[in-house]
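Participant: When you get a sec, could you build the whole thing from the sequences and use the hints?
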Amino acid sequence: MNFKMETRSVESKPPIIELEGEVDVYTAPQLKQQMISLLESGARELVVDLTKVDYLDSTALGVLIGGLKRMRERDGNMVLVCPSPRIRRVFEITGLDKIFDIFNTAQDATESMGKEKL
Amino acid sequence: MTNSQRAACVELRFPCRPEYVGVARLAILGVASRMRFSYDEVEDVRLAVGEACTTSVEWAERNSKADSEIVLRSEIGQDSLVVDIFDDAGERGDEARVGEAEQESENLGALLITLLVDDVTVVPRDGGTHVRMVKHARQR
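Chains A and B, in that order, give the protein sequences.
Just so we're on the same page, this note's numbering is the position in the first sequence counted from 1, plus 5.
Just so we're on the same page, this note's numbering is the position in the second sequence counted from 1, plus 179.
A portion of the hints provided could be inaccurate.
Far from chain B by the CB rule (all over 12 angstroms, computed), these chain A residues [as the list claims (entries may be wrong)]:
#1 Lys9
#2 Arg13
#3 Val15
#4 Glu16
#5 Thr32
#6 Leu44
#7 Glu45
#8 Arg79
#9 Arg91
#10 Arg94
#11 Thr115
With a Cα cut of at most 35 angstroms, we get these calculated DSBU-like pairs of lysine-lysine [unchecked claim]:
#12 A/Lys18 / B/Lys244
#13 B/Lys244 / A/Lys9
#14 A/Lys37 / A/Lys74
#15 A/Lys74 / B/Lys244
#16 A/Lys103 / A/Lys57
#17 A/Lys37 / A/Lys9
#18 A/Lys74 / A/Lys18
#19 A/Lys57 / A/Lys18
#20 A/Lys74 / A/Lys57
Keep in mind that the hints were calculated from the coordinates and are not lab data.
In this text, a Cβ means the ideal position worked out from N, Cα and C, and glycines have one as well.
Facilitator: Take a look at the structure:
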């Protein structure tokens, strides 16, 4: 299955989960597990980078919604990086683009979180 | 294709398990790509079929139907594609067994299918469910 996940953590910045390939009913549980691990280790902010994702289904959307809820319950936030019009369209037609903050680059996403703290 | 020609039919049978949903998506991508669909329409069909198969897989897991299968049948018309998805994953009745997060994702899946294809019907069948989706190619 075409799926990769990597988590980058730089001190004083929110961790970034970079996803690649297809995020679906088979692979989304790995994303869920990684989000739970980050929450348990104290993360309150998270960037999920979908730049290299070429397919995303409702299971993945459900995992992302769950992650966002848990972050916000802890007064944190989770934002998405999604420059691809095809993937962004899935958020738009389901109305989820109004719930998630979606950026074109990881830098914009990270900077937006820094601004929230000011 | 002339009117006298029968619509072409492509059929795929695969295990009703998460790791095979991608196989169904690849198959329908190949079928839809041969038609007069735009790039976006092909993507619509791929996503809708993926969602329908995902719902079958989730019910197979809830109903402990580990040996269940999905039959994906696509009928290629001149300007439309009819996709039938048959599963034997058991009844989709007991919502008490569906967690809140699962329900949310399943509702999103159903919403996506409705928005992506022109017509969808979901009919219970003996031991499972039959989903029929129709996608018309837009006139260009």
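Participant: Should the label of A/Lys9 as a non-interface residue stand, given a Cβ cut-off of 12 angstroms to chain B?
Facilitator: 14 angstroms, holds
Participant: Is the claim that A/Glu16 lies outside the interface with chain B correct, judged by CB distances over 12 angstroms?
Facilitator: With a cut-off of 12 angstroms, A/Glu16 remains clear of chain B, as the shortest Cβ separation is near 32 angstroms.
Participant: Within 35 angstroms, alpha carbon to alpha carbon, are B/Lys244 and A/Lys9?
Facilitator: At roughly 29 angstroms apart (the allowed maximum being 35 angstroms), A/Lys9 and B/Lys244 satisfy the hint.
Participant: Take a quick look at whether A/Lys37 and A/Lys9 sit within 35 angstroms of each other, Cα to Cα.
Facilitator: 14 angstroms, holds
Participant: Starting from A/Lys74, check that the Cα of B/Lys244 is at most 35 angstroms away, please.
Facilitator: 32 angstroms, holds
Participant: A cut-off of 12 angstroms on Cβ-Cβ distance, and A/Arg91 was said to be off the interface with chain B. Does that hold?
Facilitator: 6 angstroms, violated
Participant: For A/Arg94, is the shortest CB-to-CB distance to chain B above 12 angstroms, so the non-interface label stands?
Facilitator: 8 angstroms, violated
Participant: At 12 angstroms, judged by beta carbons, does A/Arg79 keep clear of chain B as stated?
Facilitator: 17 angstroms, holds
Participant: Need the status of pair A/Lys37, A/Lys74: alpha-carbon distance at most 35 angstroms?
Facilitator: Answer holds: A/Lys37 to A/Lys74 is near 13 angstroms, not above 35 angstroms.
Participant: Would you say A/Glu45 is clear of chain B, with no C-beta pair closer than or equal to 12 angstroms?
Facilitator: At roughly 17 angstroms from the nearest Cβ of chain B, A/Glu45 sits farther out than 12 angstroms, so the non-interface label holds.
Participant: Could you check that no beta carbon of chain B comes within 12 angstroms of the beta carbon of A/Thr115?
Facilitator: 27 angstroms, holds
Participant: Given the hint that A/Lys103 pairs with A/Lys57, does the C-alpha gap stay at or below 35 angstroms?
Facilitator: Given pair A/Lys103, A/Lys57 holds - Cα atoms ~22 angstroms apart, limit 35 angstroms.
In summary, the numbered hints that this structure violates are 5, 9, 10 and 12.
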